[in-house]
Amino acid sequence: MSRLAIGAAKAVLILAVAGGVVVQTAVIPTVWADLREVSPAVRLTVVVACVGWIACMQLVAACVWRLLTMVSAGSVFSARAFRPVDVIIGAALVASVLTAVLATLLVPGDAAPGLVGIVYGLALAIAGVALIIVVMRALLRQAIEMRSELAEVV
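Following this note's numbering, the numbering of the sequence shown begins with -18 at its first residue and continues without gaps.
Please keep in mind that the hints were generated in silico from the structure rather than gathered at the bench. You may find that some hints are simply not true.
[Unchecked claim] DEER-style ranges, computed between Cβ atoms:
#	residue 1	residue 2	range
1	PRO10	MET(-18)	34 to 44 Å
2	LEU96	ARG64	35 to 45 Å
3	ASP15	ALA119	37 to 47 Å
4	ASP15	SER56	39 to 49 Å
5	PHE63	SER(-17)	37 to 47 Å
6	GLY33	ALA(-1)	14 to 24 Å
7	LEU25	PHE63	47 to 57 Å
8	VAL3	ALA93	27 to 37 Å
Note that beta-carbon positions come from the ideal geometry of N, C-alpha and C, so glycine has one too.
Make a model of the complete structure from these sequences and hints.
Here it is in structure tokens:
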């Protein structure tokens, strides 16, 4: 990966994390206030789910940053790369569950059934991303094993 591509990716990660902080500090309190007519349990669940979803995104950004740093150092094909990949998988699964919780909260309300279906579909898509990362983790393991076998031959 070129230094320019790594720098651009890191810039996008910085913007994403900064945007998350803005949403957590400025938008979420507004959502809390807007939900004052809703039951306290639903209100708390929605806000916690939104904050949790953003925290998952920020955690993924930190792990991708770590992986980009490893790429630039030429050390991504090592066992140390598994930890951030595992954290990304876990964060994606948590985000998927949080999204499904939000969809479930929409069911008894006045939300259109199509909207509920779209949010459940989003939860499924996020879980699909986690599964894709699981496959990529297996490919990373194979690449590391092949690299060590090649080192033994050479």
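Status of each hint after checking the structure:
no., hint, in the structure
1, PRO10 / MET(-18): 34 to 44 Å, "39 Å, holds"
2, LEU96 / ARG64: 35 to 45 Å, "37 Å, holds"
3, ASP15 / ALA119: 37 to 47 Å, "44 Å, holds"
4, ASP15 / SER56: 39 to 49 Å, "47 Å, holds"
5, PHE63 / SER(-17): 37 to 47 Å, "25 Å, violated"
6, GLY33 / ALA(-1): 14 to 24 Å, "19 Å, holds"
7, LEU25 / PHE63: 47 to 57 Å, "35 Å, violated"
8, VAL3 / ALA93: 27 to 37 Å, "29 Å, holds"
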